[in-house]
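Student: Please model the complete structure; the sequences and the hints are all you need to start from.
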Amino acid sequence: MIKRLIDIKKRDYSRYYLSINPFPYTPIPEQEPFLYINQEKTITGLLNTISTTYHTGRSSHAVLIGPYGSGKSHALKYIERIIVEQDKNLEKKSLACYISSLGTSFKHIYREFMENIGLALIQKIIKDIDTDDFHYNISQILKALKENGDLHAWRWFLGETLEGRERSRLGISRNIDDILALALFQTVIHLLHKNGFNLICLLIDELETINELYPYQRQAMFNNLRRMIDDNTRGLCSVYACTPAGWDEILGRSLAFSRRLSRNQFYLSRLSEKETIQVIGEYHRFFRILPEIYEVTIDEVYPFTLEACRELYQFSGGNIGELVKYCNLAIDRAIDCGLKEIDSPDITNLLAEFRA
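Each number in the working numbering corresponds to the 1-based position in the sequence shown with 5 added.
Calculated from the structure, these hints are not laboratory results.
Note that beta-carbon positions come from the ideal geometry of N, C-alpha and C, so glycine has one too.
Incorrect hints may have been included.
Distance condition first, Cα-Cα at most 20 Å in a straight line; then the derived EDC-like pairs of lysine to aspartate or glutamate [unchecked claim]: (1) Lys15 x Asp337; (2) Lys132 x Asp155; (3) Lys112 x Asp182; (4) Lys279 x Glu327; (5) Lys129 x Asp155; (6) Lys129 x Glu96; (7) Lys148 x Glu120; (8) Lys112 x Glu168; (9) Lys345 x Asp17; (10) Lys279 x Asp253; (11) Lys148 x Asp133; (12) Lys148 x Asp135; (13) Lys151 x Glu171; (14) Lys14 x Asp236; (15) Lys199 x Asp235; (16) Lys46 x Glu280; (17) Lys132 x Glu152; (18) Lys112 x Asp138; (19) Lys345 x Asp304; (20) Lys112 x Glu165; (21) Lys279 x Asp341; (22) Lys112 x Glu90; (23) Lys199 x Glu171; (24) Lys199 x Asp138; (25) Lys112 x Asp235; (26) Lys199 x Glu280; (27) Lys15 x Asp304; (28) Lys345 x Glu327; (29) Lys151 x Glu120; (30) Lys112 x Glu217; (31) Lys199 x Asp137.
Cβ pair distances, simulated, as ranges [what the hints assert, rightly or not]: (32) Gly62 x Glu278: 17 to 25 Å; (33) His60 x Leu156: 32 to 40 Å; (34) Gly257 x Glu278: 31 to 39 Å.
Tutor: Structure below.
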């Protein structure tokens, strides 16, 4: 007979001196990653590239390359968190925006960026400008935002489609397309730079999806990304994450775009056996119930033994996404089986369907 949800007993992780299963149930990065292990050389290289823009104001761009599950998204969000947290203590201001995918047109990137900035900051940076200095449509919309923060003006500014009567009220002739989005993007970057933002960092994930677009969409995206880089020589740092196969395709399809990133190419490597054990221990550390409460001494990777960690390394092949998935499954299944600890043979039994 099928049990009701309310009748299914909640797992007790305290038997392993844990408050919860420390490994996420879906191997995707947290919104604000609390943990980053390995890849210090790669992350340092990326941060050096970003800091060049911060210190000099000159734009710089990079690509982060790694297979699925290697931690590209996690790395981008980790960098975003570093920039956001350090900005509070920096003399010059900085801004970071993580964008999960390219979408099908530049308008998607533009909208994600503007939503991240928000109306309050936009109003702040346009407060002292002469709106008549800009292109007609941009001038009209900046005037509406500056004077009263008109919500229809903000909707248009974000790239939403307004009806003709709404546009007439605002005094604008058309909705935003990619060309106008590029012009608005350049305007905002310029205004941010004038208002003391030495670094505006775009962290764009899944660059490889550009290869899945229809040919005309793909070429338009390549052209617009190239224009975004070329039109913003001050204050902008864009970092793209891409798979190796995806990057190879991009190299063959758009030399003009790829050469703008080619100076700063960074690669994510697989975890070593030692790093795998370190990752497992660090995940446990954040959710460990203090052992002194129980007057016991436990290993940092408990309930896993070191041999079990080595077996997990073999299972995952050093891919951190796969490692997190296997660790999560092993802990839950071990509790269900009543295991006191998880040893190497237990890993083989608990994860039998994943054995190649």
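Student: So, for every hint listed, does it hold in this structure?
Tutor: Hints, verified against the model:
Restraint check: the Cα-Cα separation between Lys15 and Asp337 comes to about 11 Å, which is no more than 20 Å; the hinted pair holds. The suggested pairing of Lys132 with Asp155 holds, with an alpha-carbon distance near 14 Å, which does not exceed 20 Å. At most 20 Å may separate the alpha-carbon atoms for a hinted pair to count; Lys112 and Asp182 meet this at roughly 7 Å. Restraint check: the Cα-Cα separation between Lys279 and Glu327 comes to about 16 Å, which is no more than 20 Å; the hinted pair holds.
Pair hint Lys129 plus Asp155 holds up; C-alpha atoms about 14 Å apart against a cutoff of 20 Å. Between the alpha carbons of Lys129 and Glu96 the distance comes to roughly 19 Å, so the proposed pair stays at or under 20 Å and holds. Only pairs whose Cα atoms come within 20 Å are accepted, and Lys148 paired with Glu120 is accepted, the gap being roughly 19 Å. About 18 Å separates the Cα atoms of Lys112 and Glu168, which keeps this hinted pair within 20 Å; it holds.
Restraint check for Lys345 and Asp17: satisfied, since their Cα atoms lie roughly 12 Å apart, inside the 20 Å limit. Proximity of Lys279 to Asp253 is assessed by CA-CA distance (about 31 Å); at most 20 Å being required, the pair is judged violated. Taking the CA atoms of Lys148 and Asp133, the gap is about 11 Å. The hint holds against a cut of 20 Å. For a cut-off of 20 Å, the pair hint linking Lys148 to Asp135 stands: about 9 Å separates their Cα positions.
A distance of roughly 18 Å separates the Cα atoms of Lys151 and Glu171; the hinted pair therefore holds under the 20 Å criterion. With a C-alpha separation of about 59 Å, the suggested pairing of Lys14 with Asp236 is violated against the 20 Å cut-off. The straight-line distance between the Cα atoms of Lys199 and Asp235 is roughly 19 Å, inside the 20 Å bound, and the hint therefore holds. For a cut-off of 20 Å, the pair hint linking Lys46 to Glu280 stands: about 14 Å separates their Cα positions.
Using a Cα cut-off of 20 Å, the hinted pair Lys132 and Glu152 holds, with the two alpha carbons roughly 9 Å apart. Restraint check for Lys112 and Asp138: the C-alpha separation of about 24 Å exceeds 20 Å, so the hint is violated. The suggested pairing of Lys345 with Asp304 holds, with an alpha-carbon distance near 13 Å, which does not exceed 20 Å. Simply put, Lys112 and Glu165 have alpha-carbon atoms about 10 Å apart, close enough for the 20 Å limit, and the pair holds.
For the proposed pair Lys279 and Asp341, the alpha carbon gap of about 29 Å is over 20 Å, so the pair is violated. A C-alpha spacing of about 28 Å is found between Lys112 and Glu90, which places the hinted pair above 20 Å, so the restraint is violated. Between Lys199 and Glu171, the direct Cα distance comes to roughly 31 Å. Violation of the 20 Å bound is thereby established for this hinted pair. With a CA separation close to 15 Å, the supplied pair Lys199 and Asp138 stays within the 20 Å bound.
For the proposed pair Lys112 and Asp235, the alpha carbon gap of about 17 Å is at most 20 Å, so the pair holds. Pair hint Lys199 plus Glu280 does not hold up; C-alpha atoms about 44 Å apart against a cutoff of 20 Å. Between Lys15 and Asp304 the CA atoms are separated by roughly 25 Å; this puts the pair beyond 20 Å, and the hint is violated. A hinted pair counts as satisfied when its Cα atoms are at most 20 Å apart, and Lys345 with Glu327 does not qualify at roughly 24 Å.
Distance check on the hinted pair: Lys151 and Glu120 sit about 17 Å apart at the alpha-carbon level, within 20 Å; holds. At roughly 17 Å between alpha-carbon atoms, Lys112 and Glu217 fall within 20 Å of each other, so this suggested pair holds. For the proposed pair Lys199 and Asp137, the alpha carbon gap of about 17 Å is at most 20 Å, so the pair holds. Taking 17 to 25 Å as the suggested C-beta distance range, the pair Gly62 and Glu278 does not conform, at roughly 43 Å.
Taking 32 to 40 Å as the suggested C-beta distance range, the pair His60 and Leu156 conforms, at roughly 38 Å. For the hinted restraint 31 to 39 Å between Gly257 and Glu278, the CB-CB distance of approximately 36 Å keeps it satisfied.
Of the numbered hints listed earlier, those contradicted by the structure are 10, 14, 18, 21, 22, 23, 26, 27, 28 and 32.
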